[in-house]
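Student: Heads up: the sequence lines are chains X and C, in that order. Using the numbering used here, you'd call the opening residue of the first sequence number 1 and step up by one each time. Using the numbering used here, you'd call the opening residue of the second sequence number 1 and step up by one each time.
Take the hints with a grain of salt, since some may be wrong.
[Unchecked claim] Where chain C lies over chain X, by a calculated footprint (3+ residues, C-beta under 8 Å):
{"no.": "1", "segment": "73-86"}
{"no.": "2", "segment": "188-198"}
[Said to hold, decoys possible] A short list of chain C residues far from chain X (calculated; beta carbon distances all over 12 Å):
{"no.": "3", "residue": "LEU214"}
{"no.": "4", "residue": "GLY219"}
{"no.": "5", "residue": "PRO275"}
{"no.": "6", "residue": "MET276"}
What the hints contain is simulated information worked out from the structure, not anything from laboratory work. All values derive from a computational prediction rather than experimental measurement. Ideal placement from N, C-alpha and C gives every residue a C-beta, glycine not left out.
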Amino acid sequence: MNTETANPLLELIGIRAGYGTIDVLHGVDLRVMPGQVYALLGPNGAGKTTTLGVASGQIQPHAGSVLLDGHEVNGVSPDRLARAGVCLIPEGRGIFPNLSVAENLRMSTYAGVSYKQVQERAFAQFPRLQERRNQMAGTLSGGEQQMLAMSRALSTDPAILMLDELSMGLAPIIVEELYEQVASLAEAGLSILIVEQFAQAVLGVANEAAIMLHGRIQRTGPPAEIAEELTAAYLGMS
Amino acid sequence: MIFGVRHSVAVATALGTLGAVIIAVLTWKGAQVTSETFLVTTYIGLFLGALWAMYATGLVVVYTTTGVFNFAQGAIGVFAAFFYWELHVNRGWHSILALFVVVGLFAPALGVVLDIVIMRRLRTASLVVQLMVTVAIMVLLLSVVGDIWEADTARRVPYLFGINNGIDLGPSQLPWHRLIVFVVAIAIAVAMRYLLRRTRIGTAMRAVVDNRELAALNGARPNVVSSTSWALGSMLGALGGILIAPELGLDPATLNNVVIIAFAAAAFGALKNLPMAVIGAMLIGLLRAHTVAWLDFGSDFRFAHLSIAPLLLLFVVIALPQARLEVGRLVHHLRRHERFTKWWEGLIGCGVIILLAVAFSGGWLNFLIWDPGAWGSRELNSANEAMALALIGLSLVPLIGWAGQINFAPLAFAGFGAFVYLKVIGAGWVTFLGLDRLGLDPQDIRDIDNGYWILLVGLLCAPLGALVALPAARLRGLYLALMTMAFAQAMSLIFFPNPWVMPIIGTGRQFPHIELFGVTFDDRRGFFLLLMCVFAVVVYALVLLRRSRYGRRWMAINDSQAAAATLGVPVVWTKVVVYALSAVIAGIAGVFWATVSGNVDSVQGFDLLIGFNIVLLVAAAGVSIPVAGIFLIFIPLFTGLGHRLEDSGNVDFLVTLLDIMTTYGPGMLVLGMVFNPRGAIFEMGRGFSPILPWRSDARAEIAAENAQKREPEIGELGIERPFTPEEVIAIDRRLGILDEVVPKEGYGAARS
Chain X
1 MNTETANPLL ELIGIRAGYG TIDVLHGVDL RVMPGQVYAL LGPNGAGKTT
51 TLGVASGQIQ PHAGSVLLDG HEVNGVSPDR LARAGVCLIP EGRGIFPNLS
101 VAENLRMSTY AGVSYKQVQE RAFAQFPRLQ ERRNQMAGTL SGGEQQMLAM
151 SRALSTDPAI LMLDELSMGL APIIVEELYE QVASLAEAGL SILIVEQFAQ
201 AVLGVANEAA IMLHGRIQRT GPPAEIAEEL TAAYLGMS
Chain C
1 MIFGVRHSVA VATALGTLGA VIIAVLTWKG AQVTSETFLV TTYIGLFLGA
51 LWAMYATGLV VVYTTTGVFN FAQGAIGVFA AFFYWELHVN RGWHSILALF
101 VVVGLFAPAL GVVLDIVIMR RLRTASLVVQ LMVTVAIMVL LLSVVGDIWE
151 ADTARRVPYL FGINNGIDLG PSQLPWHRLI VFVVAIAIAV AMRYLLRRTR
201 IGTAMRAVVD NRELAALNGA RPNVVSSTSW ALGSMLGALG GILIAPELGL
251 DPATLNNVVI IAFAAAAFGA LKNLPMAVIG AMLIGLLRAH TVAWLDFGSD
301 FRFAHLSIAP LLLLFVVIAL PQARLEVGRL VHHLRRHERF TKWWEGLIGC
351 GVIILLAVAF SGGWLNFLIW DPGAWGSREL NSANEAMALA LIGLSLVPLI
401 GWAGQINFAP LAFAGFGAFV YLKVIGAGWV TFLGLDRLGL DPQDIRDIDN
451 GYWILLVGLL CAPLGALVAL PAARLRGLYL ALMTMAFAQA MSLIFFPNPW
501 VMPIIGTGRQ FPHIELFGVT FDDRRGFFLL LMCVFAVVVY ALVLLRRSRY
551 GRRWMAINDS QAAAATLGVP VVWTKVVVYA LSAVIAGIAG VFWATVSGNV
601 DSVQGFDLLI GFNIVLLVAA AGVSIPVAGI FLIFIPLFTG LGHRLEDSGN
651 VDFLVTLLDI MTTYGPGMLV LGMVFNPRGA IFEMGRGFSP ILPWRSDARA
701 EIAAENAQKR EPEIGELGIE RPFTPEEVIA IDRRLGILDE VVPKEGYGAA
751 RS
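Using the sequences and the hints, build the whole thing.
Tutor: Next up, the structure:
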C-alpha cells in the first residue's frame, strides 16, 4: 500500500459540527487512505459518532469540508452518498426491526447491486440469516441483528465502509466473528473507518489509529502506540 | 404467552358469538329463509364488504407506509367523489377521463402536498398531535366540500354502466357496477399486498416508517418514498369515494362515516395486515346485510344495525393482542421547563374570568360586537352553548393533557351525565325502588336544590369512566383513540336514540332550569354567569390538582409508564382514577350542556363529528392548560359578528372573511399544532407572562433566549471561558431543569 502519494479516499478538514447550537466537533482533521483501516478511538461523548455522521452526510458541518476521493461533498444528502459507495453501519443494530430478514437485504439493493448478489453473499457469510430469512429482523438475537447489518457492507461493494461501535452489547465470541469479516474485507483492499470505545477489538485489524477527545483528534499513529496512550486518555490524564 | 393470547381471543370470540346469537334469537323477524333470499342477501353483504374493503385497504396502506393513521382517509374520498361529480355530471366529461383526472392526477397531487406541507413536520410529533392533525384535515376537507358544493342542489353520481345492465342471477340482477366494484376491491387489495411485500419500493415505504435515517444510509430517498406513500394512499381514498358514492348518495357526512366501518375492518388486521382487513370488511358486510334482512330491533333500537361496525371495532380492539405497535417510535418532546401555576395566581385568574363574564353578559364589553344596540339573547345563547362545550372540554384536560390518554368520547360521557340527571330529578326511581311506600314523596325529591343532584350525577358518572378505563389500561395510543371513538359511536347509535334515555323533543323543556341555592337560573344572562362560575371553579380545582402529588403521577404515566411503575406508581389504578375524574367533569358539564337549550336532539346531538370538534378545539387551544377552554368563547363572538354583518348587508368583503374564519378557523387552528404542539393559549401565555410584575422568571427566560439568538454558539462547555450566570440559566432551561433546582438568586450571586 502506498499511503504516501495516493489521494486520501476520505478526508475531513477542520470540521466543526454539532446538534442545534451546541458544537460537538471543534475542528476535526482526518484522512483515510485507500486500503487503510483507520480506527477512531475515544471515550463516550468525544464526538466519534458525530464524525461519522458528518462523513456520511447525515450531519451538515458548520465549518470545514468533507472530501470524498478529492471531491468536496459538503451538503450532499446521505442517500446520494450511500448510492455513491459510502456505507455506514450505524451504532446499535442498523436494521429495520419490522421488516423480515429478506426485506432488510432487499433494502441494500439501493446501493446498485442486484437482489440476487446481496442474498448470495449475505447467506454465504452468515448461514444463520438464511435459516431466518422470513423472520422479522426485530426478533433476531443481538448478534444476528449485527450480522444482518454487516451483510450490507459485505454485499454492496462499497468504496468506503464506516463501522460505528460494532462490538456494542455483543458477546466476545460474536465480536470476534464480526471482526474476522472486517479483516477479510480489509485484506480485499477495502478502506474502512472504525469507531470503537473499546480498543482491544480493533487494534488487531487497524493499521492506523487515532484518539479523539472533546471533539478533537488528539493523536494519530500506529495502533500499538495509540493503545498505550488510550488508558491515560480514558483516565483523563492527557 | 402465545397460548395466553390465543386463549383470550377464543374466550372473547365465544362470548361475542353467544351475545350475537342471543340478540338474533330475541329480535328474529320471522321471515321465511329460502335459499334464494339467503343467497341474494349474501351477494349484497359481499358487495357492501367490497366497498368497505376498498376504504380499509387505503387505511392499512397509509398506516403501514407512513406510520400515520389517517382519519382523513374518508374525507379524501368525499372530496374526490364531489370533484368527480363536478367533472363528469356537471361539466359532462367522459367518465373515464374524469376518473383519470381525479384519481390519477388530483389525488396523488393532494397526497404529495399533504406530505410536504404537513406530514413531514408530524414525523416526530406525539401521537395526540398526529391524530388531531389528521382529524383536522378531515374537518377541513369536509368544510371545503360543503363550501364549494353547497347542499342546496341534489346530486347523484351515476353507476358505471348503469344500474340496469348486468348479470342475471335468477331472483335478482347483479349490475355491472357492483361486479366491477367487487372485482376492483379484491384486485386492489391483492395488488397492494404484492406492492408492499414483493417490490423494493413497497419494502422501502415500510422501511422508512421503521427507521428513516437507516433507509437513507441504504441509499433510498426517504422524502420521495414517503411522498409516494401519501400519493398512493390518497389515490386509494379517492377511488373508494368515487365507487361508493353511487350507492350512498353524495352526502359528505354519510360518505365520511364509511371510514368508521373501514376502521373496524382495518382493526381486524391489527391495522397492518391487508388480507385480514379485507376479510374483516366482508364479515361486517355479511353481518350488516343479514341483520337487516332477518332481524328487527324495533323502533327503540332503530339504528342498531348501523352499530355493528363500531361494536365490532370495540370488540376487536379489546380482544386482539397488539404486539409491536410502538416499536422504534421516536417521539420528540418539545418540553420547556414546566412551571406550575401558583395557587394564588389561579385564584386571581379565575376571579378575572368571573369579572369578565359579568362585564360580557352585562353588555359592558359592547365594543367587541358590531352593533352594540342590538346586543341580546342570540349572542348570549351561542356564548352559553360555547361555554357548555368548553366545560365538557375541561374533562379532557387531566385525561389527554396530563395523563396522555386519548379520548374521543367526551360527548358520550356528557350525554350520560345528562341522562342520569334527567332520571334522578324525574324521581321515577322513588317508586321504582319502592321508597314511596317508606314515606318518601317524589315531589320532595324534585324540590331538593339541583346542586346536590348535579354533584350526585358526577359521582354516578365516575363508574362509567372507570368502566372505559378498564380496557384502556392495556391499550395505548392509537388503539385507545379507536376504542373511545367506537364507544362514542356505539353510544350515539344504540343508547341515546332510545326514547327512554333521551325523550323525543316535544314542546317545552325536558331539562328544567337549574335551581341553585334557591335561585332559579331561568334567563340566559344568569345562566351564562352560572356557567362561567362553574367553569372558573373547575379550572381552579384542576390548577390545584396539577400542583398536587397525585397530579404529577398522571404526568409521570404520560412520560413513561415503565418508569412510573418502577417508582411505585400503580399504573392501572391511576388510569382508572383519571378516567373516573374525567367522566365526573364531563357528566356535570353534560347537565349544563343539556340545560342550555333545555332539549337534546337524541340523534343529531351526539354526532361523532361534534365530539371530534370538542377534542379538536381544546387540543388546538392547549389541552394541558385548564383555562384554555375559554378560547371557545370566541366562537359566539365571531358568529355573532357574522349575524350582524349579514343583517346590515353592505360589507360583503367582511362577511366573506368571517365566513371563511368560522368555516375553516377551527381546522386551521389545529393545523397550527403542527408548528406549535402545545396549543395557542400556551404561546399566548408565554408572550403575556413577562408583563406580570411577579414573573421575573419569565422575563429572565425571554432575555436568555434573546441572548442565545445573538450568540449562536454557547461555546465549549466552560473550557474556553467561564460561564456567565445568564448562560447557566439558559442551559438549565434548555435541559428542562425545574425552577426549584435553580437557586432563587441565580448562580452568579451564589458564586460571588
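Student: Hints broken by the structure, by number, lowest first?
Tutor: 2, 3 and 4
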